[in-house]
Amino acid sequence: METVTRIENENRKRHVLVVDDEIINRMILGNILQSEFDVFYASDGEEAWAFIQREYDHLSIILLDLLMPKIDGFELLKRLNGSKKYKSIPVIVLTSEKDAEIKSLQMGAVDFIPKPYEMPEVICARVKRSIKLAEENSLLNAVKNDSLTKLYNKEFFYQYALDQDRFHADQEMDMLVLNVNRFHIVNELYGHKTGDDLLRGIAESLRFFLRKNSGLACRCYSDTFYVYIAHRSDYDTLFPRFLAEVEKNSGLKDISIRIGVYENCDKQLTLDQRIDRAARACSSCRKTYKSSIAMFDNAQIEKDLLGEKLIHESERALREKQFQVHYQPKFNIEGEVPVFSSAEALIRWNHPEFGRISPGVFIPLFEENGLIQKLDNYVWNEAARQVNQWKKELGVRLPVSVNVSRVDMFDPKLEEELLGIIERNELSPDELLLEITESAYSDNSSALIEIVNKLRSDGFRIEMDDFGSGYSSLNMLSSMPIDILKLDMGFIRKMCDNEKNKQMVEIMMEIAKVLDVPVIAEGVETAEQYGALKDMGCNVIQGYYFSKPLPPEELEEMLLTRTAPASRINL
Amino acid sequence: MITMDALKAFGANTDEGLKRCMGKESFYLMLVGSALNCDQINKLIDQIKSENYGDAFETAHALKGIYANLSLTPLSEIVSPITEHLRANEVIDYIPLTDELLARMKKLMELAGM
Numbered sequence: 000m001e002t003v004t005r006i007e008n009e010n011r012k013r014h015v016l017v018v019d020d021e022i023i024n025r026m027i028l029g030n031i032l033q034s035e036f037d038v039f040y041a042s043d044g045e046e047a048w049a050f051i052q053r054e055y056d057h058l059s060i061i062l063l064d065l066l067m068p069k070i071d072g073f074e075l076l077k078r079l080n081g082s083k084k085y086k087s088i089p090v091i092v093l094t095s096e097k098d099a100e101i102k103s104l105q106m107g108a109v110d111f112i113p114k115p116y117e118m119p120e121v122i123c124a125r126v127k128r129s130i131k132l133a134e135e136n137s138l139l140n141a142v143k144n145d146s147l148t149k150l151y152n153k154e155f156f157y158q159y160a161l162d163q164d165r166f167h168a169d170q171e172m173d174m175l176v177l178n179v180n181r182f183h184i185v186n187e188l189y190g191h192k193t194g195d196d197l198l199r200g201i202a203e204s205l206r207f208f209l210r211k212n213s214g215l216a217c218r219c220y221s222d223t224f225y226v227y228i229a230h231r232s233d234y235d236t237l238f239p240r241f242l243a244e245v246e247k248n249s250g251l252k253d254i255s256i257r258i259g260v261y262e263n264c265d266k267q268l269t270l271d272q273r274i275d276r277a278a279r280a281c282s283s284c285r286k287t288y289k290s291s292i293a294m295f296d297n298a299q300i301e302k303d304l305l306g307e308k309l310i311h312e313s314e315r316a317l318r319e320k321q322f323q324v325h326y327q328p329k330f331n332i333e334g335e336v337p338v339f340s341s342a343e344a345l346i347r348w349n350h351p352e353f354g355r356i357s358p359g360v361f362i363p364l365f366e367e368n369g370l371i372q373k374l375d376n377y378v379w380n381e382a383a384r385q386v387n388q389w390k391k392e393l394g395v396r397l398p399v400s401v402n403v404s405r406v407d408m409f410d411p412k413l414e415e416e417l418l419g420i421i422e423r424n425e426l427s428p429d430e431l432l433l434e435i436t437e438s439a440y441s442d443n444s445s446a447l448i449e450i451v452n453k454l455r456s457d458g459f460r461i462e463m464d465d466f467g468s469g470y471s472s473l474n475m476l477s478s479m480p481i482d483i484l485k486l487d488m489g490f491i492r493k494m495c496d497n498e499k500n501k502q503m504v505e506i507m508m509e510i511a512k513v514l515d516v517p518v519i520a521e522g523v524e525t526a527e528q529y530g531a532l533k534d535m536g537c538n539v540i541q542g543y544y545f546s547k548p549l550p551p552e553e554l555e556e557m558l559l560t561r562t563a564p565a566s567r568i569n570l
Numbered sequence: 000m001i002t003m004d005a006l007k008a009f010g011a012n013t014d015e016g017l018k019r020c021m022g023k024e025s026f027y028l029m030l031v032g033s034a035l036n037c038d039q040i041n042k043l044i045d046q047i048k049s050e051n052y053g054d055a056f057e058t059a060h061a062l063k064g065i066y067a068n069l070s071l072t073p074l075s076e077i078v079s080p081i082t083e084h085l086r087a088n089e090v091i092d093y094i095p096l097t098d099e100l101l102a103r104m105k106k107l108m109e110l111a112g113m
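Protein sequences appear in the order of chains A and B. In terms of numbering that gives the first Met the number 0, the first sequence has 211 at position 212, counting the first letter as 1, and numbering is strictly consecutive. In terms of numbering that gives the first Met the number 0, the second sequence has 35 at position 36, counting the first letter as 1, and numbering is strictly consecutive.
Honestly, the hints are just simulated from the structure, not real lab data. Just so it is clear, the structure is predicted and the values come from calculations on it, not from any experiment. Built from N, CA and C at the ideal position, the CB exists for glycine as well. Honestly, I wouldn't trust all of these hints.
Derived DMTMM-like pairs: lysine to aspartate or glutamate, alpha-carbon spacing no greater than 25 Å straight-line [stated by the list, open to error]: (1) Lys149(A) with Asp271(A); (2) Lys69(A) with Asp38(B); (3) Lys18(B) with Asp37(A); (4) Lys391(A) with Glu555(A); (5) Lys23(B) with Glu117(A); (6) Lys320(A) with Glu553(A); (7) Lys106(B) with Glu21(A); (8) Lys23(B) with Glu21(A).
Have a look at the derived ranges for each label pair, beta carbon to beta carbon [unchecked claim]: (9) Ala87(B) with Leu104(A): 15 to 25 Å; (10) Ser25(B) with Val142(A): 45 to 55 Å; (11) Met108(B) with Glu35(A): 33 to 43 Å; (12) His57(A) with Ser33(B): 25 to 35 Å; (13) Leu35(B) with Arg128(A): 30 to 40 Å; (14) Arg128(A) with Asp54(B): 34 to 44 Å.
With these hints in hand, go ahead and build the complete structure from the sequences.
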């Protein structure tokens, strides 16, 4: 309910209206009050009502007798309490009846003074206290409500929400964030008055629903509202009803509102964190032009939090060598007997708290925040060191492929870095194969082709990784500088499901033939896949069919027994 | 003109009445003086006689408030039960009570030299 704000000057002598039909009673009270207040009198309710309407702005309190001719005290109380304008004027009832005291307090009186009058000091104190409370309440109302919508402002919303948690700890609560889609357009197209009408309409609709369901709402800023409400599970049906209510209250049609709901809040979180979650859900429906409501996904936040933690710890993990490079063997299947011909270096993170973390979890994170370059660099160095170590200790020359991320490709120091690694580890460039994902080529193909050409001229061999998953045009493929095509494992996994999938792989094999480059199939897990690929003329196989990725020490036996004699070096 | 001595002789609790008037004796006596008449009591008697108990209650209630505030104890101790009987809509013989009230008022007026 809207209330009128009355802010008083501290030093002003307050105006008191004494309403009593008996002059003697009026005079006794007036005599008691006159030293501290300006006292005005009315001899019945009618006279009082006229005075209140006339002098409302200056009136601080009403002392009201109940039994009076014309309009009695109860009727006057009813009128005052029913008026937005006058209900903030405090009323003290003058009565000798206990029953009347209760009734008048129920009707909005703030206090009562029993008849016959008690000690004058007590009366003065009660009048002063009632005025002070009313003025403080009025001040509080002025600051606690948003002036446009009369909903709480943000600070009071927070305070009352915390009170709600404190006093009703067991109540499950939902946090909602509400926004108007393209509110600035509403203002631009229809003017600020219409924008304000819409905001008031939303506020009124929120009040309507909150009256029925315990909860709080505030307008935080502009067109953003927060709602803290007892948990419910019928938002799907509630939302259209809410929209209809907003249209009714604002007088506007086709409004577009989005609401994010963080259901059954974790009360261990701060209110800001709960609001953030509701806001994230709200943002998730930003793209649509229609009104929409979205629920916060708890699993997503757990994933995000883990991601943040991993990113935060990544530098230390690199320093402490929590990352380990494993090697997945690649077998050349052109001959009668598959030959262990190379391996792919794959990163593993042995986290001290979370144990083995999948690269599928941390690589995308590192790609997002740029840490991937450091990680790639770590793998290149480690793989090159390992290739050199196998040569020296086992007398086996095994080329290893490493991933070169998109971001690495445009690093001006890439060539220098790779050549430095080769040199430091006494390798030739063709012993460190570079895997570049197909999608990197489509991003900025001409620039990338130039870089790749430079690396190839240095002697590096380039594997196009995940072939088939990107969007290379046939025209582009013919001009791409690549040495090996590596088929995307998605195709391999499905290739035996049906004839169509198999034919897709055959087409890619044909492309490789046209490009005159060998093909590596990765993700090969079954004999059926292996047989089909061999029949199609696939050159190299990588996958669990032969071996999972292994730590270097576990590869030694395979290195000594299954590599081609040509790979052996006389130590 | 009523005096404090006369009021004390009548049985009024003048200390209490005076305190309610912030110790202002002349103000207190002026208020008592303005209450010294039989008009309201006669009105009450007429209302009771004509069985207009609703109005009678309002009159009695008003008198009760005035006499109590002025601490005119001998008057308020009579008008109080009248008020309560009327509030309860009791149809009793009010004449002994109203006669007594009127007699006490007349006595006070005599003390005031009226």
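A quick look at each hint next to the structure:
Between Lys149(A) and Asp271(A) the alpha-carbon distance is near 22 Å, which keeps this suggested pair within the 25 Å criterion. A distance of roughly 21 Å separates the Cα atoms of Lys69(A) and Asp38(B); the hinted pair therefore holds under the 25 Å criterion. Taken as a hint, the Lys18(B) and Asp37(A) pair is honoured in the structure, with Cα atoms around 21 Å apart against an allowance of 25 Å. Under the criterion of a C-alpha separation no larger than 25 Å, the hint pairing Lys391(A) with Glu555(A) is consistent with the structure, at around 13 Å.
For the hint pairing Lys23(B) with Glu117(A), the CA-to-CA distance comes to about 16 Å; that is within 25 Å, so the pair holds. Only pairs whose Cα atoms come within 25 Å are accepted, and Lys320(A) paired with Glu553(A) is accepted, the gap being roughly 19 Å. Of the supplied pair hints, the one linking Lys106(B) and Glu21(A) holds, its CA atoms being roughly 23 Å apart against a limit of 25 Å. Between the alpha carbons of Lys23(B) and Glu21(A) the distance comes to roughly 20 Å, so the proposed pair stays at or under 25 Å and holds.
Here the CB-CB span from Ala87(B) to Leu104(A) is close to 23 Å, well matched to the stated 15 to 25 Å. Roughly 49 Å separates the CB atoms of Ser25(B) and Val142(A), a value that falls within the hinted 45 to 55 Å. One distance hint, 33 to 43 Å for the beta-carbon pair Met108(B) and Glu35(A), holds here, with the actual separation near 36 Å. Hint check: His57(A) to Ser33(B), Cβ distance near 30 Å, so the stated range 25 to 35 Å holds.
Look at Leu35(B) against Arg128(A): about 36 Å separates their beta carbons, and that is inside 30 to 40 Å. Range check, Arg128(A) to Asp54(B): about 37 Å between beta-carbon atoms, so the 34 to 44 Å window is met.
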